[in-house]
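Peer 1: Letter by letter, the chains look like this.
2 protein chains.
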Amino acid sequence: MILTFIGTAGSGKTTLTAKFGQYLEKEGHNVAYINLDTGVKSLPYTPHVDVREMITVEQLMKSGLGPNGAIVKSYDILTPHAKEYANEISKLEEEFDYVLIDTPGQMESFLFHDFGSNLMENLREPLVVYLFDPNILKNLYDYCFVRFFALMIDLRLSATTIPALNKIDIIKNELEYYKKYLDNLEYLSSRLRLDPSTQGYLAYKLCSFLPDVISSVRLLYLSAISGAGFEELETVAYEHYCTCGDLT
Amino acid sequence: MILTFIGTAGSGKTTLTAKFGQYLEKEGHNVAYINLDTGVKSLPYTPHVDVREMITVEQLMKSGLGPNGAIVKSYDILTPHAKEYANEISKLEEEFDYVLIDTPGQMESFLFHDFGSNLMENLREPLVVYLFDPNILKNLYDYCFVRFFALMIDLRLSATTIPALNKIDIIKNELEYYKKYLDNLEYLSSRLRLDPSTQGYLAYKLCSFLPDVISSVRLLYLSAISGAGFEELETVAYEHYCTCGDLT
Numbered sequence: 001m002i003l004t005f006i007g008t009a010g011s012g013k014t015t016l017t018a019k020f021g022q023y024l025e026k027e028g029h030n031v032a033y034i035n036l037d038t039g040v041k042s043l044p045y046t047p048h049v050d051v052r053e054m055i056t057v058e059q060l061m062k063s064g065l066g067p068n069g070a071i072v073k074s075y076d077i078l079t080p081h082a083k084e085y086a087n088e089i090s091k092l093e094e095e096f097d098y099v100l101i102d103t104p105g106q107m108e109s110f111l112f113h114d115f116g117s118n119l120m121e122n123l124r125e126p127l128v129v130y131l132f133d134p135n136i137l138k139n140l141y142d143y144c145f146v147r148f149f150a151l152m153i154d155l156r157l158s159a160t161t162i163p164a165l166n167k168i169d170i171i172k173n174e175l176e177y178y179k180k181y182l183d184n185l186e187y188l189s190s191r192l193r194l195d196p197s198t199q200g201y202l203a204y205k206l207c208s209f210l211p212d213v214i215s216s217v218r219l220l221y222l223s224a225i226s227g228a229g230f231e232e233l234e235t236v237a238y239e240h241y242c243t244c245g246d247l248t
Numbered sequence: 001m002i003l004t005f006i007g008t009a010g011s012g013k014t015t016l017t018a019k020f021g022q023y024l025e026k027e028g029h030n031v032a033y034i035n036l037d038t039g040v041k042s043l044p045y046t047p048h049v050d051v052r053e054m055i056t057v058e059q060l061m062k063s064g065l066g067p068n069g070a071i072v073k074s075y076d077i078l079t080p081h082a083k084e085y086a087n088e089i090s091k092l093e094e095e096f097d098y099v100l101i102d103t104p105g106q107m108e109s110f111l112f113h114d115f116g117s118n119l120m121e122n123l124r125e126p127l128v129v130y131l132f133d134p135n136i137l138k139n140l141y142d143y144c145f146v147r148f149f150a151l152m153i154d155l156r157l158s159a160t161t162i163p164a165l166n167k168i169d170i171i172k173n174e175l176e177y178y179k180k181y182l183d184n185l186e187y188l189s190s191r192l193r194l195d196p197s198t199q200g201y202l203a204y205k206l207c208s209f210l211p212d213v214i215s216s217v218r219l220l221y222l223s224a225i226s227g228a229g230f231e232e233l234e235t236v237a238y239e240h241y242c243t244c245g246d247l248t
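Taken in order, these protein sequences are the chains called S and G.
Using full-length UniProt numbering, you'd call the opening residue of the first sequence number 1 and step up by one each time.
Using full-length UniProt numbering, you'd call the opening residue of the second sequence number 1 and step up by one each time.
It is possible that some hints are incorrect.
[Stated by the list, open to error] Using 25 Å as the maximum straight-line C-alpha spacing, the simulated DSS-like pairs for lysine-lysine come out as follows: (1) S/K62 - G/K41; (2) G/K19 - G/K172; (3) S/K73 - G/K62.
[Said to hold, decoys possible] With the C-beta cut set under 10 Å, the calculated list includes, among others, these residues of chain G facing chain S: (4) G105; (5) Y141; (6) F145.
Hints are computed from structural coordinates only; laboratory data are not their basis.
These figures come from a predicted structure and were not determined experimentally.
All residues carry an ideal CB built from backbone N, CA and C; glycine is no exception.
Generate the whole structure from the sequences, applying the supplied hints.
Peer 2: Following this line, the structure appears as C-alpha cells:
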C-alpha cells in the first residue's frame, strides 16, 4: 500500500511520515520510506529512496541560484527520472506492507510541476493524504477552501485524496468546533448562506456543490505527537487498497 | 489601481511585473512596484516597497535553516507587519496610477500563509491576476484545474481573480488550441464527458459547475516578451476599479 503525504511547507508531512511509520512498525508491518524533498536538511526516518542522492537545493544554490529558482531547478532535474522513481516505489510496494511517500517541502513543486504528475501517474491507484494545518482555518470560507483543495489535488494528480486536519494536538478542546464545519457540509453551507458578501456567496455556492462530487470521502484528524487518527488512517489505507476505494 | 500577480515559482510573475510596468509607464502612467518575495536575488524593477529590507531567505539559511523552513520563517516574521505593508501600498495607490504587487516566489507562501491573507484583507478591492504556464496544461483535466484554481485564490484571498495564461510566446501557433479549451467551458465539458474514468467524471462535474460561479470573469493571454495581452490587462484593471468589477 502506498500512502502519499501532501501539504504546504510546515504542514507536518515529514514528522507524520516518521511517526506514522513507527506506529505501523509497532503494529508488526514493514514500512518503506520515500523522501521526495530536495530541500530537507535532515530526516527523522531512514529513506529507502531519497531524491537528494541525485540533487539538492543546497547544491544548486551554491552554483548561484536563489532559493525559489533552485527548488524549481531541482525538480526540473528530477523530472526525466520520475518514471524510474515510480518503478522503484512500485517494487518496494511488493516487498513492504506500506510505502510512505514524503513529498516536496513546497507543495507546488509536486502539484504544479511535471515531476509530481509524472511520478503519480506511474503508480498504481496511489492514495494521497492532504495535510492542512488548523492555522489556515481562520474563517468559514477557509473550511470550504480546504475541502475543495483536496479535490484540486485529486483532479491534478488523478489520485484519491483524503483531506486531513493535522496537528490536532495544538487545538485541543476546540476540535469539536473544527469538526462541526469540516464534517458537516450541510451545516457549513447553511452558515455561509447567511453571509451577504460576494465572497460569502461564492463560498456558499462552492460548498453546496461539494456533496455532488465528494460524497464518499471522509476526513481525518491527525496528530504526530499524540498518534491521534493513526488507526483510522491505517483503516482508510486498507479500505482504499483492499475494497477498491470505498471510503465512506 | 492595485494589481497583484500570483503564480507558482517560475510562472513569470517578476518578469511580467517589470514588463507590464514599463508598458504602463510608456503609456504615460506612473507606476509603483512592490516586491513581496523574500527569496528573490535581483529584481528587474526598482521596488517602492521591498520585504527583503526586513528579512531574506538567505539570511535565515545562514542561521542554519533549510530552504523550505527559511521561506516559511521569513513570512512568519513578516506576518505581524502585514497591515503596515497594506497601509504603505494603499498610500502608494493614492500617489500612483498603478501599484503592481509581485508576490512570493512560492505561491503557497502567499495563498496558505497568514501573511498573504492578512495583507490582502487590508487592501481595498484588490485585483489578482493568477498566472499559469502553458507547461502545466498537459491533459483536459488540467484546463479544468487552472480555471478552478483561480476560484480557489478568490475564495482564499477574498479578491477578484483573473486567470491568465502566461508565456504565450512559447506556444506560438498552438494558442488557438489552448483558447478553445480555456475560453469555451461548454466545449471542454462536452469533451470531458466522453472520458469514462473516475477522473474524467470528476473533471466533467467540476467543469460543468464552473459557469454557475465564474460567468463574469474572462481569461487573459499574456507574454512579457511580446507584450501580448498588456492592453487587455490594462482594460481589465480599469474596468475592475472604475466600473465595479464587471469583467464580462
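Peer 1: Between the alpha carbons of S/K73 and G/K62, is the straight-line distance 25 Å or under?
Peer 2: holds (21 Å)
Peer 1: Could you grab the alpha-carbon distance between S/K62 and G/K41 and see if it respects the 25 Å cut-off?
Peer 2: holds (13 Å)
Peer 1: Using the nearest Cβ pair, does G/G105 come within less than 10 Å of chain S?
Peer 2: holds (3 Å)
Peer 1: Taking 10 Å as the limit, does the beta-carbon of G/F145 come near enough to a beta-carbon in chain S?
Peer 2: holds (5 Å)
Peer 1: Check the hint pairing G/K19 with G/K172 against an upper bound of 25 Å on the C-alpha distance.
Peer 2: Holds, because 19 Å separates the two Cα atoms, which is no more than 25 Å.
Peer 1: Can the hint on G/Y141 be confirmed by a CB-to-CB distance to chain S that is less than 10 Å?
Peer 2: holds (6 Å)
Violated hints for the displayed structure: none, as all numbered hints are satisfied.
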